[in-house]
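Asker: Under full-length UniProt numbering, the first residue of the sequence shown is numbered 1, with each subsequent residue one higher.
Calculated directly from the structure, the hints in this document are not laboratory data.
Check the hints yourself; a few may be wrong.
[What the hints assert, rightly or not] Straight-line alpha carbon distances no greater than 20 angstroms define the calculated SDA-like cross-link-like pairs of lysine to any residue that follow:
#1 LYS203 <-> GLU216
#2 LYS209 <-> GLU33
#3 LYS269 <-> HIS34
#4 LYS93 <-> MET218
#5 LYS275 <-> GLY250
#6 LYS225 <-> LYS275
#7 LYS269 <-> PHE28
#8 LYS275 <-> PHE28
#9 LYS147 <-> GLU106
#10 LYS205 <-> LEU112
#11 LYS256 <-> GLN22
#12 LYS203 <-> SER158
#13 LYS225 <-> LYS209
#14 LYS230 <-> GLY127
#15 LYS116 <-> GLN166
#16 LYS225 <-> LEU183
#17 LYS308 <-> GLU106
#18 LYS275 <-> LEU297
#19 LYS275 <-> LYS239
#20 LYS275 <-> GLU33
#21 LYS153 <-> MET97
#22 LYS230 <-> GLN291
#23 LYS58 <-> SER9
#24 LYS225 <-> PRO143
#25 LYS275 <-> GLY302
#26 LYS256 <-> LEU30
#27 LYS239 <-> SER9
[Said to hold, decoys possible] For each label pair, taking beta carbons as the anchor points, the in silico distance ranges come out as:
#28 LEU246 <-> GLY59: 49 to 59 angstroms
#29 GLU109 <-> MET287: 48 to 58 angstroms
#30 GLY80 <-> PRO143: 24 to 34 angstroms
#31 LYS209 <-> ARG276: 41 to 51 angstroms
Ideal Cβ placement from N, Cα and C applies to all residues, glycine included.
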Amino acid sequence: MNLRDQPTSFDNTILSTFASCQRKFYLFWLGLEHKETPAYFTFGRVWQQALEKWYTTKGEQAYRLTEAMELAERQWQDAGSPSGTRDNIENLKFMLMLYAIEYEEEDWEIILHDGKMELGFEFPLQGTPWTLSGAIDGYVEWPRYGKLVLECKTSGVSLTDSYMAQWGFSSQVTQYYWGLTQLLGEAPFGVLMNCAWKGVSEKAKLAFKKNLDIPEGMFARNLEKRSEFKIAEFEATTKLLIEDILRQFGKMLWPKTKNVIECTGGIGKSPCQFKRICLADAFPWDMSDEQLLGNDLRLRDGLWEPWKRGTKE
Numbered sequence: 001m002n003l004r005d006q007p008t009s010f011d012n013t014i015l016s017t018f019a020s021c022q023r024k025f026y027l028f029w030l031g032l033e034h035k036e037t038p039a040y041f042t043f044g045r046v047w048q049q050a051l052e053k054w055y056t057t058k059g060e061q062a063y064r065l066t067e068a069m070e071l072a073e074r075q076w077q078d079a080g081s082p083s084g085t086r087d088n089i090e091n092l093k094f095m096l097m098l099y100a101i102e103y104e105e106e107d108w109e110i111i112l113h114d115g116k117m118e119l120g121f122e123f124p125l126q127g128t129p130w131t132l133s134g135a136i137d138g139y140v141e142w143p144r145y146g147k148l149v150l151e152c153k154t155s156g157v158s159l160t161d162s163y164m165a166q167w168g169f170s171s172q173v174t175q176y177y178w179g180l181t182q183l184l185g186e187a188p189f190g191v192l193m194n195c196a197w198k199g200v201s202e203k204a205k206l207a208f209k210k211n212l213d214i215p216e217g218m219f220a221r222n223l224e225k226r227s228e229f230k231i232a233e234f235e236a237t238t239k240l241l242i243e244d245i246l247r248q249f250g251k252m253l254w255p256k257t258k259n260v261i262e263c264t265g266g267i268g269k270s271p272c273q274f275k276r277i278c279l280a281d282a283f284p285w286d287m288s289d290e291q292l293l294g295n296d297l298r299l300r301d302g303l304w305e306p307w308k309r310g311t312k313e
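Take the sequences, apply the hints, and build the full model.
Answerer: This is how it looks when you write it as structure tokens:
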């Protein structure tokens, strides 16, 4: 199995995968992926699609919610993913119902592109031959603030203060802010983090059915801002990271991470899809295709370019 050509466009997945584990990046760039789409991945994707339906459908709350739930059902079935303890369609629909109650009306308006929220971007990183890319969940116009990136997250851990504080340090959030800046030709006000917790207990669900009280900590929002200094710092450190990535292509030695949580997973973090390969008594570049693929992986179709899903201006 041959390693694909060096990347020339870098989204957050490429950058963060290399930063977390170079061996994982190597296997990812070979084109390996789960044979069966994990339930947590399907949950996040269908949640975003259902929210898009909720926000783009006109009419009364009940009608909008019905449309969003029916879309979620279809998308989940089409994905063919297994169901997890929390990552299942029934939990997703329950969360949608609570979301529709909590956020029936918003102070902001979704900006649509060809009827869609998601927006892809790819722009040159100044002073380099490379581009930065990504796909934002959407952006909004909020009269009080102006334009903001809308980033929707679902979490398996509670939406504590420390969980929400992580977005102030997130390079993904910064890259989305950077991308919308390029799209608009001016800096947006910030990034609206729109987070939902998947871990509501059956007891809390029963209490809601009795009292119509939304479980505490079910949803949380933060407004993240990025200064000119933070953007300049992001561009400079991203250049260094890209140089490190391309340098490894010349060395063709891809060391494993020393942070084993990246391998095994932990609270709020899924295990690495390639851990089977890393436990083998051989380097992956010396393995046969059959050894690499095993029974759990497949070769990704085409190039890694998820930012092309969104509509470009």
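Asker: So, for every hint listed, does it hold in this structure?
Answerer: For each hint, the structure was consulted:
Distance restraint check for LYS203 and GLU216: the Cα-Cα separation of roughly 13 angstroms lies within the 20 angstroms cut-off, and the hinted pair is therefore satisfied. In summary, the hint linking LYS209 to GLU33 is not supported, as the alpha carbons are separated by about 40 angstroms, beyond the 20 angstroms threshold. Of the supplied pair hints, the one linking LYS269 and HIS34 holds, its CA atoms being roughly 16 angstroms apart against a limit of 20 angstroms. At roughly 14 angstroms between alpha-carbon atoms, LYS93 and MET218 fall within 20 angstroms of each other, so this suggested pair holds.
A hinted pair counts as satisfied when its Cα atoms are at most 20 angstroms apart, and LYS275 with GLY250 does not qualify at roughly 24 angstroms. The suggested pairing of LYS225 with LYS275 is violated, with an alpha-carbon distance near 36 angstroms, which exceeds 20 angstroms. Using a Cα cut-off of 20 angstroms, the hinted pair LYS269 and PHE28 holds, with the two alpha carbons roughly 18 angstroms apart. A C-alpha spacing of about 12 angstroms is found between LYS275 and PHE28, which places the hinted pair at or below 20 angstroms, so the restraint holds.
Distance check on the hinted pair: LYS147 and GLU106 sit about 14 angstroms apart at the alpha-carbon level, within 20 angstroms; holds. Distance hint between LYS205 and LEU112 is unfulfilled; the C-alpha atoms sit about 33 angstroms from each other, more than 20 angstroms. Distance check on the hinted pair: LYS256 and GLN22 sit about 6 angstroms apart at the alpha-carbon level, within 20 angstroms; holds. Among the hinted pairs, LYS203 with SER158 is consistent with the structure: their alpha-carbon atoms are about 16 angstroms apart, no more than 20 angstroms.
Straight-line distance between C-alpha atoms of LYS225 and LYS209 comes to about 37 angstroms, which puts the hinted pair past the 20 angstroms bound. Taken as a hint, the LYS230 and GLY127 pair is honoured in the structure, with Cα atoms around 18 angstroms apart against an allowance of 20 angstroms. Only pairs whose Cα atoms come within 20 angstroms are accepted, and LYS116 paired with GLN166 is rejected, the gap being roughly 28 angstroms. Between LYS225 and LEU183 the CA atoms are separated by roughly 17 angstroms; this keeps the pair inside 20 angstroms, and the hint holds.
The suggested pairing of LYS308 with GLU106 is violated, with an alpha-carbon distance near 29 angstroms, which exceeds 20 angstroms. The straight-line distance between the Cα atoms of LYS275 and LEU297 is roughly 11 angstroms, inside the 20 angstroms bound, and the hint therefore holds. Under the criterion of a C-alpha separation no larger than 20 angstroms, the hint pairing LYS275 with LYS239 is inconsistent with the structure, at around 29 angstroms. For the hint pairing LYS275 with GLU33, the CA-to-CA distance comes to about 12 angstroms; that is within 20 angstroms, so the pair holds.
Proposed proximity of LYS153 and MET97 is supported: the alpha carbons are some 17 angstroms apart, at most 20 angstroms. At most 20 angstroms may separate the alpha-carbon atoms for a hinted pair to count; LYS230 and GLN291 exceed this at roughly 44 angstroms. A threshold of 20 angstroms between alpha carbons decides the hint, and for LYS58 with SER9 the separation of about 37 angstroms lies outside it, so the pair is violated. For the hint linking LYS225 to PRO143, the alpha-carbon distance of about 16 angstroms falls within 20 angstroms, and the restraint holds.
The straight-line distance between the Cα atoms of LYS275 and GLY302 is roughly 23 angstroms, outside the 20 angstroms bound, and the hint therefore fails. Among the hinted pairs, LYS256 with LEU30 is consistent with the structure: their alpha-carbon atoms are about 16 angstroms apart, no more than 20 angstroms. Of the pairs offered as hints, the one joining LYS239 and SER9 holds, with about 12 angstroms between alpha carbons and a cut-off of 20 angstroms not exceeded. A hinted range of 49 to 59 angstroms for the beta carbons of LEU246 and GLY59 is consistent with their spacing of about 51 angstroms.
Separation of GLU109 from MET287 is about 52 angstroms and conforms to the stated range, judged on CB atoms against 48 to 58 angstroms. Checked against the hint of 24 to 34 angstroms, the pair GLY80 and PRO143 fails, with Cβ atoms roughly 42 angstroms apart. Checking the proposed 41 to 51 angstroms range against LYS209 and ARG276 shows it holds: the Cβ atoms sit about 42 angstroms from each other.
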